[in-house]
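**Q** Need the complex rebuilt from these two chains, each delivered in its own frame; the hints are there to steer you.
Chains as they are written, first to last, in the working numbering: chain A, 53 to 343; chain B, 431 to 598.
The set of hints was computed from the structure by calculation and includes no laboratory data.
Do not take every clue at face value.
Pair ranges (Cβ atoms, derived) [claimed, not checked]:
#: 1; chain 1: A; residue 1: T80; chain 2: B; residue 2: E563; range: 54 to 62 Å
#: 2; chain 1: B; residue 1: G585; chain 2: A; residue 2: E340; range: 32 to 40 Å
#: 3; chain 1: B; residue 1: P436; chain 2: A; residue 2: P239; range: 42 to 50 Å
#: 4; chain 1: A; residue 1: N242; chain 2: B; residue 2: Y456; range: 47 to 55 Å
#: 5; chain 1: B; residue 1: R509; chain 2: A; residue 2: R224; range: 17 to 25 Å
For lysine to aspartate or glutamate, the following EDC-like pairs were computed, each having C-alpha atoms within a straight-line distance of at most 16 Å [what the hints assert, rightly or not]:
#: 6; chain 1: B; residue 1: K570; chain 2: A; residue 2: E90
#: 7; chain 1: B; residue 1: K513; chain 2: A; residue 2: E213
#: 8; chain 1: A; residue 1: K332; chain 2: A; residue 2: E303
#: 9; chain 1: B; residue 1: K570; chain 2: A; residue 2: E213
#: 10; chain 1: B; residue 1: K560; chain 2: A; residue 2: E303
#: 11; chain 1: A; residue 1: K324; chain 2: B; residue 2: E563
#: 12; chain 1: B; residue 1: K560; chain 2: A; residue 2: E90
#: 13; chain 1: B; residue 1: K570; chain 2: B; residue 2: E539
Computed from a predicted structure; not experimentally measured.
Backbone N, C-alpha and C define an ideal beta-carbon position, used for all residues, glycine too.
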Amino acid sequence: MTSYALFLGCTIPARQPHYELAARKALTKLGIELVDLEGATCCAPPPIQSIDLETSLAIAAYNICLAEEAELNILALCTGCFESLTIANRLLKEKRELREKINKILSNAGRKFKGTKEVKHYLQVLIDDVGVNRLKQNVVKPLNNLNVAAFSGCHLLRPSELLRFDDPERPRIFDTLIEVLGAKSIPYKNKLRCCGGLLRGYADDIALAIARDKIVNAYNARADCISTLCPFCFLTLDLGQMLIKTTYKEEYNMPIVHYAELLSLSLGVEPKELALDFHKIKVDKILEKIG
Amino acid sequence: MTEGKPLDFTRAITSRLGGETIIHCYQCGTCASTCPVARTTERYNPRQLIRLALLGQRAEVLKGDAIWLCASCYNCQERCPQKVEVADVIYALRNMAIREGNIPAIYIEFATGLVSEGRLAPISKFLEKKRTEYGLPPLKPANMEALKAILAATGFDKIMFKKEGASP
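Okay, chain B solo, but in the shape it has when bound (with noise of 0.2 Å):
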């Protein structure tokens, strides 16, 4: 299934931050034999997910779960005899599969906690008191004020919770 000219698909990662490099792609595989995920399991291989992209079919990377299978090691990117930024290409690929309402539940999570609290990993009251304990100073908190500035800015709240499929 092709949505648009193929070519539409590949400007529009192009013109998105990250996705810059994927048109020197020319498929020789070695993202795929240096990935660990790709070792470990068939769902997910960068050349593939680079050759789909890259010939237009939109819905099958952008609404399937290979790109969210990129571990963020960087030994593809590292190794890039062409100097695709692979990693950052699948950041920009998952940016765009956010817009579009494909948004696995831990990601919610993990906007939840920031737009909440400023940090992915809130504190508990147990470890305040072990910070206590251990003599370490107590945890300053995050200037919630200008983090909402900066993701009213970005326009974060809006790519993240306006969308139907947004719910966990």
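Chain A on its own, in the form it takes in the complex (with noise of 0.2 Å):
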């Protein structure tokens, strides 16, 4: 059995209980053992690397140095705390005054970064560790060729000369990874584009009208639902439709579901396990389909 520290973030736990509880399902039935690291913080993403890019380094390898203190690898959920994590790894790992100067921070919290970890992405650990080979074999239930719009988000591709994760303008491990159980990923104009998440908050209006774009475009290419792997871009289109039928008078119905889910569901697992209910735009139609 293949162990990891899971890395959850703040968002998975505290308001989405469905994406925790999908994965840990679907991984640990894979074989993919999880372990909850004491004390890790906030990963340190964009809102706080915006206020202080230093401070956010120090963060985000404070948490690595947790993992490396339990000599195990982090596996992310949150594709936010995915390309936090990787930065910090890669950049304090490849520039050494840099990682003196982190680390002359964290030696105030009696750490110290060594750099002898990897931190992957759960999607990396279905690749690596699990492969498309058994992981197909382990599909009890498939997806009866559900058409699905694949939506990575954006940080789990880029930016691509740290986060490493496959080819930033073609990727197709998602793809991949939703095809093995019985979906078609379908192409839909400008699905590498983002969700316009990181603005909630700051600029609401154009934030919606980038969630828009991503719905409206999956709905004209007759997705069945999106697939997410980031508690925002989940928000954003979940939630933001809400907002898009009161704001642009629109109402879509496009399901919005982690990949977690969709792969719990083909693994076996009962929709009623899962903590379907936290959807904010019902998934019955997804369910129905799959059969």
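**A** Here is the structure:
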């Protein structure tokens, strides 16, 4: 059994337990042991990077230190956490001066970044540790050609120079992992474009206009659902449709489903075992189609 | 309104973490053409923002609204032929603006969450109960002692909360 330090971040455990529940069930079924770290904090994502880049690197490095001490690689569910932690891990491994500067800060918290561990997004764990073939063998309830609009979110892919996850212009990993579950990853307009989520709270109107584009493009491509990996993309597109209804007087009823939920369902987890009532846009249509 | 020489501002930017690559910009506009925000609003254009910064328009850049309209999607940075790290340059500009007291209210909320709970989205009693119902393990508390030591060492509190303009 392969073990990972599970990095939950802030939003998933506090706002989207349906994501955590589905991810824990699916990964455990696939033989991945998840260890909850003691004392982990926020990963220091873009809002904190906007305030002070050095502070955010130090906080990310502190969290990586916890995994180093536990002698485990990190598995991140949230794409934002994956980005913050990977950037810090790569920069500090590769830039000695920066590492020394950050280690000086960390010494105040009795920590030292050594650079001995990896940060992985759970999709990478599915590819590297489970493997596409074994995943396929574990699918007991194929998703019946469900038309899925894959939306990885920006920070799984970019900045590619540091994240090194997949080809940033023509990514395939997420689509492959959708198709192995028996669904179709359909093409749709501006598939790799941002959901606008990080502008929520500062420029809500602009954020909503960008999110609406995403929904409309998936809708026009006749998607049964949009599949997400990032809790902010989920929130922006799921709750966003309530706001689109009041602001634009338009109703799309496009279910937004975390990939971990599709994965769980295909591995035979019963819908009632997942916290599907956390979806604002109901997912009944998908459950019906899957059968 | 140019304060100091144009190059003073450029130097201030390039000496900051994230700002190093701004000088390579040759204004081709690839960033603006690939930006999801620029095609949605006239309030934001990354090419113009970089140009203003390189022209030394410190006040317009740091007190303006544009630096806060980047969605951090990194399309521009990915596609820049000059390898200008546009999104990171904007982080550097935000870091500078905040030090001058230009802080949008939402960022004060983020910082408050971090400083008080170690999380940007603190957990509610309702969710704690829900987690138990679903059989999820209780959420482990953040190590606030370690976090406070780190924030004190980087001067985060002083950056965020000392300025007059810092009230929400």
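**Q** Are N242(A) and Y456(B) spaced within 47 to 55 Å by their CB atoms?
**A** For N242(A) and Y456(B) the Cβ distance comes to about 27 Å; the hint is violated.
**Q** Given the hint that K513(B) pairs with E213(A), test it: the Cα-Cα distance must not exceed 16 Å.
**A** holds (11 Å)
**Q** Please work out if K570(B) and E539(B) have their alpha carbons no farther apart than 16 Å.
**A** Violated, because 22 Å separates the two Cα atoms, which is more than 16 Å.
**Q** Just tell me: holds or violated, for the beta carbon distance of T80(A) and E563(B) against 54 to 62 Å?
**A** Check failed, 19 Å falls outside 54 to 62 Å.
**Q** Holds or violated: K332(A) and E303(A), Cα atoms, limit 16 Å.
**A** Measuring from Cα to Cα gives roughly 13 Å; hence the hint holds.
**Q** For K570(B) and E90(A), compute the direct alpha-carbon distance and say whether it is at most 16 Å.
**A** holds (6 Å)
**Q** Can you let me know if the beta-carbon spacing of G585(B) and E340(A) is within 32 to 40 Å?
**A** violated (56 Å)
**Q** Given the hinted pair K560(B) and E303(A), is their Cα-Cα distance within 16 Å?
**A** violated (29 Å)
**Q** Starting from the range 42 to 50 Å, see whether the pair P436(B) and P239(A) falls in it by beta-carbon distance.
**A** 46 Å Cβ-Cβ, so the 42 to 50 Å window holds.
**Q** Given the hint that K560(B) pairs with E90(A), test it: the Cα-Cα distance must not exceed 16 Å.
**A** violated (21 Å)
**Q** For the hint 17 to 25 Å, verify it against the beta carbon of R509(B) and that of R224(A).
**A** Holds, since R509(B) and R224(A) (Cβ atoms, about 19 Å apart) stay within the stated range.
**Q** Is K324(A) within 16 Å of E563(B), Cα to Cα?
**A** The hint holds at about 13 Å.
Of the numbered hints listed earlier, those contradicted by the structure are 1, 2, 4, 9, 10, 12, 13.
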